[in-house]
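Residue numbers (the UniProt record's numbering), protein chains in the order written: chain A, 1 to 347; chain B, 1 to 347; chain C, 1 to 347; chain D, 1 to 347.
Among the hints, a few may not be true.
It does not matter which identical chain is meant; a pair holds if it fits inside one copy or across any two.
[Stated by the list, open to error] With a cut-off of at most 30 Å between alpha-carbon atoms, the simulated DSS-like pairs for lysine-lysine come out as follows:
{"no.": "1", "residue 1": "K226", "residue 2": "K94"}
{"no.": "2", "residue 1": "K187", "residue 2": "K209"}
{"no.": "3", "residue 1": "K226", "residue 2": "K123"}
{"no.": "4", "residue 1": "K84", "residue 2": "K226"}
{"no.": "5", "residue 1": "K142", "residue 2": "K84"}
{"no.": "6", "residue 1": "K187", "residue 2": "K226"}
The set of hints was computed from the structure by calculation and includes no laboratory data.
4 protein chains.
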Amino acid sequence: MTVQVAVVGGTGYGGLELIRLLHMHPYVELTSVISHSESGEDLHHIYPHTKNVVEVNLDEWNIEETLEEVDYVFFSLPSGISQKYVAQARELGKNCIDLSGDFRLKQAQLYEDWYKNTPANEKDLEEAVYGLPEKNRANIEKSSLVANPGCYPTAALLGLLPMAEIEGVDPSSVIIDGKTGVSGAGKSLTLATHFTESNENVKPYKVGKHQHIPEIEQLLEEQFAKEVNITFTPHLTPMTRGILCTMYVQLHNEVTAEELIDHYRSFYESDSFVRVRDAGSVPGTKDVYSSNFCDIAIDVDSRTNRVTIVSAIDNLVKGASGQAIQNLNIMNGWDERTGLWTLPMYP
Amino acid sequence: MTVQVAVVGGTGYGGLELIRLLHMHPYVELTSVISHSESGEDLHHIYPHTKNVVEVNLDEWNIEETLEEVDYVFFSLPSGISQKYVAQARELGKNCIDLSGDFRLKQAQLYEDWYKNTPANEKDLEEAVYGLPEKNRANIEKSSLVANPGCYPTAALLGLLPMAEIEGVDPSSVIIDGKTGVSGAGKSLTLATHFTESNENVKPYKVGKHQHIPEIEQLLEEQFAKEVNITFTPHLTPMTRGILCTMYVQLHNEVTAEELIDHYRSFYESDSFVRVRDAGSVPGTKDVYSSNFCDIAIDVDSRTNRVTIVSAIDNLVKGASGQAIQNLNIMNGWDERTGLWTLPMYP
Amino acid sequence: MTVQVAVVGGTGYGGLELIRLLHMHPYVELTSVISHSESGEDLHHIYPHTKNVVEVNLDEWNIEETLEEVDYVFFSLPSGISQKYVAQARELGKNCIDLSGDFRLKQAQLYEDWYKNTPANEKDLEEAVYGLPEKNRANIEKSSLVANPGCYPTAALLGLLPMAEIEGVDPSSVIIDGKTGVSGAGKSLTLATHFTESNENVKPYKVGKHQHIPEIEQLLEEQFAKEVNITFTPHLTPMTRGILCTMYVQLHNEVTAEELIDHYRSFYESDSFVRVRDAGSVPGTKDVYSSNFCDIAIDVDSRTNRVTIVSAIDNLVKGASGQAIQNLNIMNGWDERTGLWTLPMYP
Amino acid sequence: MTVQVAVVGGTGYGGLELIRLLHMHPYVELTSVISHSESGEDLHHIYPHTKNVVEVNLDEWNIEETLEEVDYVFFSLPSGISQKYVAQARELGKNCIDLSGDFRLKQAQLYEDWYKNTPANEKDLEEAVYGLPEKNRANIEKSSLVANPGCYPTAALLGLLPMAEIEGVDPSSVIIDGKTGVSGAGKSLTLATHFTESNENVKPYKVGKHQHIPEIEQLLEEQFAKEVNITFTPHLTPMTRGILCTMYVQLHNEVTAEELIDHYRSFYESDSFVRVRDAGSVPGTKDVYSSNFCDIAIDVDSRTNRVTIVSAIDNLVKGASGQAIQNLNIMNGWDERTGLWTLPMYP
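Start from the sequences, fold in the hints, and give me the full structure.
See below:
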C-alpha cells in the first residue's frame, strides 16, 4: 500500500524535517524533492548529514514530468508563493498538503490584511481543509487539499478547543503567550536569528501583529460559535526547536483543575498525540522534542478564577512536518501514528 | 566619602555579583565577605576568576569582630535564614540591605503562607523599606533596613506601576508571564537546572504558586489603592541571565500606545535606570545584559483593548545586586548611578 | 525473530536512550527496565515524555525472576558497579551488552590504575569482546559478552584505525583533542554540569587523566601492533549531545588528503555507519545528531606534514546506546542497521 | 589628562565592545564614532541598549573634519579595508590602533598569501608595532601605529611564548586546537552563524588554512629565533564569547608542571592580565568572560613527555577591544589596567 510522495521546497527546515520523517514511514516512497534554488544538486551536497540515508537529486519544479508518478505532494514553501504551485498540482489531480499559510484563512480579506499578499484562488480556498486532525479528522480524510496548521496555532488550539464546552467561558478573554525556538523563523538569514543576537536572549516580536492571530481566531470562532478576538505575543527563545504556549482564560463558574483535566482527557480520548498531564505536572518543550506529541497542562487559580493552560510541541514536528504526515496518514486511512510513533528525544 | 561594606553569603550568585559590582564602585571598600560554608578559604579558591582583582579571605559570621568596622551589610542568603543574621546586625546598629524575601511582605501571615517559614520579627518587618527606588526613593534614603525586591517583582512592577494613573484600569486584570535565565534559580544543584535538562527547554514552574505573587500584589495594592489579585506564571529558559516579563492589562477607555509611552516617560523622568522604548520597538533581555537597566515597551491592541507591556532586566543586576547597590547609593545620598552606569554587554 | 530484552539502569541517560532506540527496533521486545533507585515506579512518572509510547513499570534487580524470559541484557550502570550484575546475568546464561568501562580494558592493572576500582573477574574479562563493530564485527557475532566502547574511544578510534596502514606513521605521535556535550557527564548533579556553569563556557577537564586513554591505547596497540602512548584532552562544551574529536598525527612520508580519503573509504567499505567526507568538507556534531553515524574528515597540512582528522558522533548513540544496539544486531545476525537507519535530526 | 578618541567601524562587534569599554575609561573622551553604512543615525537606533549611556550620532568618514580634535583613532574594520583609512589618518598625524589583520604580518607576501588581499603600504607596515603588550610593551609605548593582535594569536602566544626559554623545545612541534564563541565571526550574516546551525554544534572550520597561522608563526619565530611551522585548527562552539586554545608541545628534557608554572609566573611577573593557574587547576572561558584576562594552565604528561597548555580569553576583550585599550594605556604611559580592571562576569 505504498504511496509515491514529492516534497516541494525540500531544503528549508520544514522540507528537511519532512524528509527525515518520511524516511521512517513504512508506506511512503519519496520520489522527488523539488528545490527551485538548488535544483540539479544532490541533497547531500547541501546537507551532508543526509548522505547514504536519503540519496536524492534535487529536481526543478516541472510539474508534468516531476510529479507524473506522484500521488501526494507536500509543499513547504513561503506563504504567497505556495498557492501558485499548489494550484498547478491540483489541476493535475494531485493530493496536496500545504505547510504555508496560503490556505488556512477562509476569508480572503483576512489573508490580505495579515499576510499583505494576494490570497489563493477561491475554489482552492474553499476546498482546503484545515489540517488539525484533533478537530477536523473526518474532513481531512475526504480532502485532497490540506492546509497544514501553523506552529503556534497548533499548540494554542489544542490547548484551547476543549474550553468551548466549559460553561461561561468567553473565548475573547484568551491571552496566549508563545515561546518559540529559533528554527521557527526558518533558514533565511536575519540579524534576529544570528547566533550572537539570539543566544542569551528572550525577545518578543510582532507583538499583536503575528499572522497566526486570525488563524487561531477562525478556529476558536468555529469551536465556540461566536466572534473571537484574542491577544497573542510570540517570543524568540535561545533554543533550536520547540514551542510552548502559556494561555490564560477567564472563568465565570467554579471549576477545578481536576475537572478540567478529566474533560480534556475525554475530549482527546481518540487522539494519540495529545497527552494531558496530571494536576501539578507541567511539560517543557524538551518533553516533546523531535516527536509529534502535544503535551498539555491545566491549572486553575482560584484566587483570580483564571485557567492557565500550557501546551508544548516540537514546532518542526507537530507544528509542521509531523502533523503533515499525520494528515497524509488520515487521507490514506492508515493508523495516524504510522511513521510517527517515536519517543521524544531526551535529553 | 568611602563606606566600609560587608557581604554576607558571598559565594552564591547574588553575593558574587555584589562583589563584581562593588569592585567598580568608587566610594566602597569591601571589608569582609562572609560565607558560612566556605569560611577560611580564599575567595579565588572557590572562584578562580576573582584572582588578583578581589583578594579576600572568606570570613565566618562573627558579628562583633567581623562587622566591627563595617557601615553597611549586604545579606545574600536564603529566605528564612537571612532574618536571623539581619536581626543581629541591626542590634549592633548596622545598616542592612537584604536580598532575601524575608522583609518584603508586610503581613506576616502572607510570608507564612507563601514562604512556608516563620516570619521575621515585627519591629524589623515594620521598619524595613521596600527597596524599589523608582517607587520608594524617599523612604530608602532614610532607612537603615532595605528589603531589596525580588527579580520578577522588579521587572513586573516597573512595567505596571504607571498604569495606576490610567483611568479605568483594574489591576486585578493583570496577567504576568515571566521568563527567567537559569541563574535565577541560584547555585544549588537541582535536576531542573542541570545543563542537559534546561538546555533546549522552555518550561513553566510553580504555576500560580510563586512566592513573588504576594510581593507584586502588595506593591500594586499600594499603588492602585485597592485589593489586587494577579496571575503570574514563571518560566525557565535556556540562558544564564535575564528576566523578561510580558504583561497583559485590560483597558476600559481608549488610549493609544503613544499616550501610554508619554505617560511612562514622564512617570520615570527622574529614574535613570528605566528606559521606555518608542512605539513598535521591543527589548530583549540582551539589551540590558550585565547592567542595571530596566527596558520597557508598551503596545496597545485595539482589537481587544488590552495593553501588552514588556519589561526586561538582568536578574542578577537590577533584579538583585545592582539594585542593592542603587539602594546603597540612595542611603548615602550619592548619585544613584554611582558604580552602576555601565553599558549593557552586547553581544 | 523477536528477542526479549532487558535494560538495567534504565533511568540514566544511556538507559533512556536505549529505550528510545529499542522502541524503533522491529525485532526487539523490551521486557523489563530495571532501576535500583526507582523500582516500583512507572517510567513515565520519572520521565513524562515516555507516556503512552513506552509504558513500563521499573523493576528491581531480581535476576531470576526479572530476567527469566530475557535473551539479551543491556547494562547501563556506573563503572565498578556493572561488573557484579553482569557476572550474575552470565551465570544464568544471559547475553550481555555492557555500556560501562568494566570490561573494556584487558589488563586488570590498567583498570585499577585508571578507574581506581577493583577489576571484573578474570573469566568475564577474558571473554568480553570489545564492541566496536568496525573493528571487531566477527568476534562480536560469536560473543555473549560485549564491552560497548566509550564515547571518546569510539570517535577517536574510528578516526585513527585506518592510519595503521599508512607507512611510517607512529601512533605515539597521536594527539586527541576531544569536545563533548554535557550529557556525556550523565545525569548526576555536579557544579560543572549546572546550567549556569557550563553555559557560555568551554572548559577542559581531566587533562591527561581521562580513563578513556588506556582504552584508546589498547585498541591502537592492537591495530598498530606496537606500544602506544597518546595525549588526550577532553573538553566540556555548552551543548547537550555530541562528541567531536580533532586528532593530529605526524606523517613521515608524503601522502595527500585525497589518498588518505580513498584509503579510509575502502577501509570502511562495509561499515554503514562511517561516512568519510570529501576533501575540504568537515563535519560538525550536528551532522550526526540523534543518529548512529560517525562522520570523518581528513586534512593533510603539507607545511608541517601532519594529518588532522576530525571525527563526529552523537555521544549517546554511536558513543553509547546506538552502538550497543548495533552490537545486538550483529550478535543476532541481523543487518546491523536494523532500527538505527535514521536521518540525523537537523537542525 | 584626557585624550580624545574616535572609533572607526563602530557598529561591528569589535567597535561596539570598544564603546562599552571606553565608556568605563576615566581618561578617555569618545569624540566620534564613525560608521560608513549607518552614518547620520543615532547609535541607539541601531543598538537600543546604548540609550542614555552613550549618546552619539554616527559620523561619516571625513577625516579632516571628523578627526580634527582627535588624538587616538581605533579602527575596527575588515582586513583589506582598514589599511586605507589608517594611511589617511596617519598622514594627518593621528595615533592609530588597528584591530584588523592589515598591519600584523611584516612580510607583505605572507599577507597576500593568507589574506588574498593587497598588503598595506611599506612604510606603515614597517612602523606598525605588534600590540601584544606582554611581548612588546616597550615598543608599543613609542609607537604611533599599533597592530592589535588577532584573537586566536593572543590566546595562543600568551600560552606559548614562555616555552622559548625551556631547553630543547622545538616550536614546530606546536599544535594549537582553538575553540571560539560565535561572536568571533562578527556581525555578518552567514549560514554557519545562523542560530539553528551553530547551536548544539561544535564544528571545525578553515582547517590548516586560518589567516592567524602566519601571525602566530611570525611571533614564535621572533621568540624562538628560528623558523616555525605550526598546526592550528579553529572550531566554532555554541556560545557568544570566549576563546580557549589547547596547545600541545613536545618536550625533549624532563620538566615538571610545577617547574613550568614557576617559569610562566616569573615570565609574566609584570603582566597584570595574565594569570597562571596552580597545577591541576584549569580555566574555562567563563573564568575570563567580559574581562581582559588571559588565564593559563599547564600540564605535563610524563607518559608522552608532552606539555598541554590551556589558554582562555574573552575574544572581544583581551582578544580585541580590551587589548586595544590596554595598548592605548601603554601609549599614554598610564597604568595599563586603567579602565580594564574589572572582575570577569560570573556566571
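Hint-by-hint comparison with the structure:
In this assembly of identical chains, the alpha carbons of K226 and K94 never lie at most 30 Å apart, being 35 Å within a copy and 63 Å across copies at closest. Proximity of K187 and K209 under a CA criterion of 30 Å is satisfied in both settings, with 22 Å inside one chain copy and 27 Å between copies. For the identical chains of this complex, K226 and K123 are intra-copy neighbours only, at 25 Å inside a copy versus 56 Å across copies, given an alpha-carbon limit of 30 Å. In this homomeric assembly, K84 and K226 never come within 30 Å of each other (Cα to Cα): the closest approach is 33 Å inside a single copy and 57 Å across copies.
Taking CA atoms no more than 30 Å apart as the test, K142 paired with K84 passes inside one copy only; the shortest distance there is 23 Å, against 59 Å between copies. Taking CA atoms no more than 30 Å apart as the test, K187 paired with K226 passes in neither setting, with 38 Å inside one copy and 48 Å between copies.
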